Structures are given as C-alpha cells and as structure tokens.
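J.: In order, the protein sequence lines correspond to chains H and U.
Residue numbers for the first sequence follow our numbering, so the first one is 39 and each next one is one higher.
Residue numbers for the second sequence follow our numbering, so the first one is 39 and each next one is one higher.
It should be emphasised that the hints constitute simulated quantities derived from the structure, not laboratory data.
What you were told as hints is all true, and nothing was included just to trick you.
Same chains, same names: a pair is fine if it fits in one copy or spans any two.
PhoX-like mimics (lysine-lysine), calculated; alpha carbons at most 25 angstroms apart, straight line: (1) K143 with K176; (2) K171 with K143; (3) K83 with K143; (4) K83 with K105.
Being a predicted model, the structure only gives us computed values, none of them experimental.
There are 2 protein chains.
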Amino acid sequence: MTEKSTIQFNPIGIIRTPYTENAPYQPIEDDEQEFAIIVDPEFAKGLYELDRFHYLMLFYHIHLIEKEVKMVVEPSWSHGKKVGLFASRSPVRPNPIGLSIVRIKQINDNTIFTTGLDVFDKTPLLDIKPYIKDLDSKEDSNYGWLDDLGDQEHLQLHIKGLPHEY
Amino acid sequence: MTEKSTIQFNPIGIIRTPYTENAPYQPIEDDEQEFAIIVDPEFAKGLYELDRFHYLMLFYHIHLIEKEVKMVVEPSWSHGKKVGLFASRSPVRPNPIGLSIVRIKQINDNTIFTTGLDVFDKTPLLDIKPYIKDLDSKEDSNYGWLDDLGDQEHLQLHIKGLPHEY
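Extracted from the complex, chain H is given alone in its bound form (with noise of 0.2 angstroms):
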C-alpha cells in the first residue's frame, strides 16, 4: 500500500542559532543573539508577505539525536512521572519533526530573523507556514496532565525553556 511506504523529504535551507552544544527546550526570546531561518535561494519568493505574521510554525528535522525511541518516557522535570511518547514533547520520536512556534522579526531576502529558537545550529529546515489567530491559537486548549505537577510557576520555566536558578 503507498500510503505505508517510506516517505522523503529534502531539506529548503538550514536553521541559524547560537546553540551548538546545549538548546533550551522551547523559544526563549533573546533580542542579544542572532538567530536566522534561512531558505535556499530558490525558495526565497515563497516568503513573500510571510512578514505580515506576528509568528510562524517552523518545520524542522531533529537531526543530532541519536538515542532510542522509547513510547513511555519520564521528562526531566517530572519527578517521576512517566507518559507516553505522543503525549509529550520529547525529541526522540520514530519521525523526529520538530516544531517551533517563533516570532518573526524582520525578513530580508531569504533570511528571516526570529527573537528566539530552541534547535540546534544547522538544523536541517523542512517547512514554514503563518501562525493564523482563531486557526492555530485555542483558547480552550489545556496543560493535560502537567496538571498533575506542582509548584506551577516553577514549571512554566521549564516548559517554557527559560533559564533559571534550580
């Protein structure tokens, strides 16, 4: 059946950050450093009108992993507490797509520059779509069972990929 069969996808250009050897878990918005999505040349029409977004959904492939998917992980900073792969963000995933939900500052030919981006440098770039309010944003979204965790305003550090004290 081809709807089972082994997909390929080609990288559009490559992903520009500061991180080479630790990245946070999510987009810390750092106006200090550069961080750059940038196309190859013959994409660069598609980012037409990409500007009037105030964010968009970066498309990537977590390329440096290399440890084995497990479907029952234990995040770091849940004490303990252990949940099935596709109901967290790990990056160790059978299809390692990640995506990020980035501001978008300022596009100049084909490089966009972002205030924040929790990959690796020279991450492999697969796709780019608007972040369109209503479509994308749900109100009524939750935090599933990171409920279940306290010390809350702790925790938001850490999903959020902030830097901290402990």
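Could you slot chain U onto chain H? The hints should help.
T.: Chain U alone, transformed into the frame defined by chain H:
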C-alpha cells in the same frame, strides 16, 4: 554536508476520515461522522496520558498532491491576491507535511477519535504531539495578509473550511 541530505520518514499509522474525493481546508467539528487516528499497535503505549489534553497536533504526509510546487500562490478565495507559498497554508509544498490541530474526543487502545479532521481518508500519519496551552496558543497572533481581504465574516468560513452557500 549531512544536514542537507535526504531525510526518510516512515508512517506510524493512518488517518481515517469520510473524505475520499473532497476534504475541507481545515478541521470541521462534526459529531455525526467518524474521524479516527489509528497508530500501529507497536506505538499504542505512546498514547498514554494523551487523553488528558483537549487538543493534539497531528502531523501527516499530504500524499495525494500531484500539482507543481510554485513559490507564489493565489488562494482560491483571495480574490486575486498573490502571496508567497510559505505565507500560505497551501498543501502544494516542497515538503508536504500537513499539520492539523484537532480536539480529542476519546482514545481506545491505538485509536484516537477526534471531532473533525481536514484530511483525505487513509492519509499517512507521521507524528502526534500534545497541544500545550501557553506554549502553542499565542494570544497576540494575528491574521497577516488576510486582513487585506474584505468581508471578514465570510472569509472566516473559508479559513476554517466550513461549508457555506457561496
């Protein structure tokens, strides 16, 4: 450079919908019809605790598109306005990765029932991630170039893919 090489993904399941010839542009909540995401049995344990979330992010291969990829597109309801492909949600993309944000109704073993899905029947499933409030819901997101178009209410029907008279 390894980061520019071809990437291979294998479907982890299949998506079942009532749509075999036409599909809406975006998920329509429809309690009358059945929409199901079926993961292969080897991945069933990865769904543990996913039902605690209201919404999930569904990643799939847009597998039935045979049109030529163009960098500038003219959405059918945009009255002639041209925008870049990456400023649009056109399914005709260099890497046809589909993303839908859908409401979870119920999960039984390896099957997730949802209230609506905007994909063709038997679409190959690539990944599932939980939609986490704050992380994924952006209150200050906007409509981008869609604001240029008149008749906003009517346009909303198109954006959301709802059936309508004209």
